[in-house]
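On the provided structure of chain A, position chain B as indicated by the hints.
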Amino acid sequence: MRILGIAGSLRRGSHNRRLLQAASDLLPSGVELVEWDNLAGIPAFDEDLENDPPESVLEFFRAIVDADALLIATPEYNASIPGALKNALDWASRPFPENVLKNKPVAVVGASTGLFGAVWAQAEARKALKASGAHPVETELPVGMADYAFAEDGTLNDPELTQRYTDLIADLVREVTAPVEV
Amino acid sequence: MSTTASPLAGTFNADPVHSNFAFAVRYQGVSLFKGTLDAVEATLTDGKLEGKAQVESISIRTPEQFRAHVLGGEDFFQADKFPEVTFVSTGFDVTGDNAVEVTGDLTIKDTTKPVTAKGTWVAPAPDAFGNTRAHLNLETVIDRTEWGLTWNAPLPSGGKALANEVTLTIELALVEQA
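One line per chain: the protein sequences are A and B, in this order. Note that the first sequence covers residues 240 to 421 in our numbering. Note that the second sequence covers residues 251 to 428 in our numbering.
Hints are not guaranteed to be accurate.
[Stated by the list, open to error] The calculated label-pair distances, taken between Cβ atoms and stated as ranges, are:
hint, chain 1, residue 1, chain 2, residue 2, range
1, A, Gly252, B, Gly346, 53 to 59 Å
2, B, Glu351, A, Gly353, 21 to 27 Å
3, B, Gln315, A, Gly280, 27 to 33 Å
4, B, Gln315, A, Ala409, 52 to 58 Å
5, B, Thr382, A, Tyr387, 38 to 44 Å
6, A, Asp392, B, Lys284, 25 to 31 Å
7, B, Ala375, A, Asp386, 40 to 46 Å
8, B, Gly408, A, Pro418, 49 to 55 Å
9, A, Asp287, B, Glu306, 52 to 58 Å
10, B, Lys284, A, Asp287, 35 to 41 Å
11, A, Asp392, B, Ala373, 35 to 41 Å
12, A, Met240, B, Asn402, 40 to 46 Å
13, A, Ala417, B, Lys331, 37 to 43 Å
Think of the hints as simulated: they come from the structure by calculation, not from any bench. We put the beta carbon where it would ideally sit given N, CA and C, even for glycine.
Looking at chain A on its own, in the form it has when it is part of the complex:
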């Protein structure tokens, strides 16, 4: 089983990229995590190009199609998701409803340097994903105080959060193998 990881931040050393990579240690056997890393290469969504998307967008679509599930780690900008991430999801939602996100299991996690671990951004991401026809797992993973959240080896310091992350990934895998009908 393949999970496609998408970090919502373009910053190389981003906390959310680290959060995504921290999932690598928590995967059940037989599950691989592949990071998609061209958020910066996706142009602004343009309905005029909807039926003939640019190559970078088509590559993004193929990466989604090739994956059984998505894991999105989003930062929070002004209580919402970063424009680049929303833009990429908007592309992926077209043409609706027969888009690459249709029925795709997705888990959303988030890290922020404040207390609240991007909870509002995670909710926004799940809302957009649900509207696009994807199947977002309802559980959130708020990783607050991100400057102090990671150990040197990239794992999360907090065992409770680690357990919650493990459970969330297990839920995501279950959504692939035995989807809950909605």
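Chain B alone, transformed into the frame defined by chain A:
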């Protein structure tokens, strides 16, 4: 008529290294955020406690925008206008073995309201350095919004991001003044 010397007679100054003012508040419904104001001055003079803490000494140092909001925000401390949190006692009762109840006026920003705190009082005794030292521990719960610390945000899952109830704890190591 003979009088017994009050256990609270004398003047004591808080030893800043061993004294602090701490707060704890729940966020996201379950997690507990703890912090301190470390720059504390306090005196206990014949049973009257007066203390102040510098808001700027709050233990929230990073991230920068978090600190800036807590210190400067109108819905937080506005430390540029109100740099100190102060407390002046109006009653100080040793209610039992080491048990103490202190009432007084707590001022945060431009609001002064009465509070009652309970805790423990360790009576003055000689320390290892030739001083006479006492210890006062007090705890109370306040509703921060009554003092104008009103910031909040609705959580996406319902409920509020930050609880209104804040537990305040003070630890004062009190050294008797000659």
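Cross-check of the supplied hints:
no. : hint                               : in the structure
1   : A:Gly252 with B:Gly346: 53 to 59 Å : holds, 56 Å
2   : B:Glu351 with A:Gly353: 21 to 27 Å : violated, 37 Å
3   : B:Gln315 with A:Gly280: 27 to 33 Å : holds, 29 Å
4   : B:Gln315 with A:Ala409: 52 to 58 Å : violated, 35 Å
5   : B:Thr382 with A:Tyr387: 38 to 44 Å : holds, 41 Å
6   : A:Asp392 with B:Lys284: 25 to 31 Å : holds, 27 Å
7   : B:Ala375 with A:Asp386: 40 to 46 Å : holds, 43 Å
8   : B:Gly408 with A:Pro418: 49 to 55 Å : violated, 26 Å
9   : A:Asp287 with B:Glu306: 52 to 58 Å : holds, 54 Å
10  : B:Lys284 with A:Asp287: 35 to 41 Å : violated, 54 Å
11  : A:Asp392 with B:Ala373: 35 to 41 Å : violated, 50 Å
12  : A:Met240 with B:Asn402: 40 to 46 Å : holds, 41 Å
13  : A:Ala417 with B:Lys331: 37 to 43 Å : violated, 59 Å
In summary, the numbered hints that this structure violates are 2, 4, 8, 10, 11 and 13.
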